[in-house]
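Work out the full structure: start from the sequences and follow the hints.
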Amino acid sequence: MMIQVGLKLKILAGYLVLVSFFAFIIYLIHEERDKKSAMERQETCWQRERQLVNRAFASLLDLTATGELVAGWTEDDHAAYRKKRKEAAALLQGLKAGQSDSLQRECLDSICSLLTEKEKQMAALLHLLENMPDAGEIVHRKIPATTSQGRKDTARQTETPAVQTGEMKRKGFWDIFRKREKKSAYALQREEARKEPVSATTSPARTSGMKSAALLHSIESEIDNALHRYERTLSVRMDSLRLHNRMLNDRISLLVRNFEKMESDAFRREICWQQETRTRAFRLIAGIGIGAFLLVIILYMTVYRDVNRQHKIRMELEASNRKNEELSQSRQNILLTVSHDLCAPLNTINGYAELMPEEKDEAQRSRYAKNILDASRHVIGLADNLLYYYRLEAGKEQPDKETFHPGRVIENVLQPFRTLADRKGLGLTVETEGVNTMVEGDRIRLTQILNNLLANAVKFTPAGYVHVGVRYADGLLHFFVRDTGTGISEDRQKNLFRPFERLDTGNPQPGFGLGLSITARLASLLGGSISVESRSGHGSTFEVCLPMPEAGGQETTDVQRVGYARLSGLKAVLIDDDRMQADMTRRMLARGGVMCDCCHDIKELAELLRGRRYDLLLTDMRMPETDGYRVLALLRNSNLGQSKDLPVLAVTARTDGETGQLKKDGFAGFLHKPFSMDELLAAVAECTDGRTAQRKGPDFTALLDGEDDRKEILEMFVQDAERTTAGLRKAIEAEDYPVIAALIHKGAPLWETIRIDIPAAKLERLASLVPEAWDEAAVVEVWKLVTAIEEAVEKAGRLKGEME
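Quick note, the sequence shown lines up with residues 1 to 804 if you use the numbering used here.
Please keep in mind that the hints were generated in silico from the structure rather than gathered at the bench. Every residue, glycine too, gets a C-beta built ideally from N, C-alpha and C. One or more hints might be untrue.
What the hints assert, rightly or not - Between beta-carbon pairs, the in silico distance windows are:
| hint | residue 1 | residue 2 | range |
| --- | --- | --- | --- |
| 1 | 245 | 79 | 16 to 26 Å |
| 2 | 245 | 28 | 52 to 62 Å |
| 3 | 532 | 613 | 53 to 63 Å |
Laid out in structure tokens, this is it:
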């Protein structure tokens with residue numbers, strides 16, 4: 001159903017609005033995601049900073065706790081404290097790197113400096129504690145000196161018994177200005193003792209006791225003085241450390257307060273952002289919801305009328321999906337099937353080929369050759385079926401329209417099967433209704449469908465009959481083929497028309513299992529349908545329905561063949577590195593009347609273009625040393641003959657979007673591999689429109705192509721044509737219409753090959769006329785045919801004379 005322009009514009013506008021709406025939503029989502037990502041990155045940064053702060057504070061706390069025990073430290077404890085201090089300083093420096101506030105950075109630097117200074121003071125304090133005055137050392141130092149002095153005094157007292165009343169220091173003149181010596185209590189006590197009169201008879205024991213007391217008093221005084229000095233120094237060190245700790249604690253407290261404030265501000269900002277995000281999200285969702293609701297209403301009102309078309313597209317997609325699944329399954333089965341069915345005949349060919357050289361019996365050698373020929377034909381038949389199925393799957397086949405008599409076509413198809421049925425003892429019957437008319441359709445494909453169904457019916461029917469029914473009404477051709485064969489189970493019927501499916505019978509039949517699959521695809525190609533009714537052991541009925549409008553007795557001209565006839569006399573040049581492909585293409589073109597020269601590289605192509613003129617260049621798009629684009633560029637940029645305006649046909653195996661670009665790049669057309677002769681000639685005709693040579697009389701190019709003795713071929717043609725014209729003249733005079741039809745049927749392929757001036761469709765109609773349908777107009781057409789054959793004989797004689 002055609003969609004109105006207004007509806008198309010509405011749908012387009014709706015899609016544009018929908019796309020814009022979705023783009024706006026995507027933009028909003030992108031913006032929100034960016035904001036969220038930024039906040040998440042900020043949150044991650046904050047978390048890392050919190051962790052770093054916590055680690056730094058924990059390190060400082062551990063450092064402080066360790067420093068409280070400095071009085072009991074050892075060297076290892078001091079080293080451990082230094083290591084912890086360095087770790088704390090490293091953490092503080094890392095924390096400083098993430099700070100943008102200069103006050104915070106200065107605070108962190110001051111804490112690091114205070115920690116370093118504290119470590120120095122604690123080191124000094126530890127040194128002081130380690131060097132505490134030792135009373136034992138003082139005693140140990142004093143006693144040996146006192147003992148030595150005592151020994152000296154004892155000896156002196158022994159030598160001087162006189163009583164000494166005191167010892168006065170000598171005083172000189174300068175002693176008046178000398179500072180009076182401050183004496184210790186022990187010294188004063190000693191002087192007082194000396195002032196007392198001592199008799200010469202004082203005992204040494206008493207003197208020794210007094211000196212010991214004085215020694216002890218001296219040691220005690222020195223110990224007390226050392227302790228007092230140590231306590232004063234320790235007190236000063238402790239006060240300095242206490243003051244330093246207070247400053248350090250103040251700095252740490254300031255740092256903690258700053259970080260707490262920063263975290264509080266960050267938390268407050270995050271709360272505000274979340275609230276703003278919720279509000280914005282609510283408004284956004286509400287706006288999107290209202291907009292989507294309005295948009296849905298508008299689009300629904302606009303697209304509602306498009307539902308039927310969408311449903312049709314969906315059904316087509318489902319059918320395409322099923323087709324793709326079948327194709328995938330067929331590709332999986334193809335290797336096993338092909339290898340199985342090709343191995344046997346290929347093995348036969350190989351075996352007989354090995355036997356033939358040693359075989360002396362000529363009759364046996366002939367049998368070997370016949371068996372090789374039969375096996376080869378079987379392989380070729382399998383390959384043809386496989387290629388034909390591929391072409392159907394790839395959409396390479398197109399239905400042809402021509403006018404024909406369905407009753408006669410069905411009778412011609414049934415004729416060879418009657419012999420096969422008689423050999424197997426089967427009955428072959430037919431009933432027709434309304435087929436005595438002319439219809440327009442594809443006669444060749446109809447013949448293929450009937451052949452496949454009848455071949456399967458005769459093949460799988462061991463006994464009984466095969467019945468064919470045909471009915472034409474209301475532009476539809478219905479026919480069925482019913483047999484009494486083995487039948488098909490319901491499970492197998494589901495996959496019956498899938499490729500490479502074979503029936504399970506007791507007698508395996510040769511083939512790929514493509515017959516019914518090809519038949520189903522041919523019916524679909526012609527716009528018809530095929531169905532099956534069967535029960536296992538009770539035979540099968542295949543029914544086909546094909547649309548074929550009534551032709552009203554009008555004859556359809558074979559436009560395609562007439563178009564190909566205009567190709568006669570054209571000259572083409574082909575460049576392809578594949579010699580077999582090039583030779584095949586050349587022969588196909590020769591069949592169409594086109595003379596073709598082949599080359600395999602740029603050098604050969606340049607030589608051909610310098611010496612000859614051509615109407616068309618065919619180039620393969622993928623070659624080892626060059627490609628089609630380079631060939632086209634060479635032609636357009638050189639002065640080789642008519643290279644500036646010579647049409648170039650691109651031959652490619654690619655089926656993607658590249659082919660759509662080829663014409664834009666300067667190619668006259670393109671041809672996909674693999675291709676049939678009809679496809680090749682159609683592409684050539686399209687590219688050479690306006691260049692086709694006017695054909696003068698019959699063209700023997702296709703007949704003589706590849707023949708060594710062309711003169712003998714022309715002689716055989718002349719003899720056969722003269723016999724045919726004589727027979728036609730005699731039959732026309734005797735009004736023996738069956739003989740006329742038989743002669744035309746026999747000679748039509750040859751006349752079509754040399755392209756006489758009688759259309760192939762007209763020859764086919766004359767050959768298929770029943771005796772009752774012959775009239776004066778048909779006889780006139782036969783006389784025209786006789787004249788055309790005689791002209792062909794005359795031209796063949798001229799060609800033969802030129803060869804002598």
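Hints violated by the structure (numbers, ascending): As far as the earlier hints go, not one is violated by this structure.
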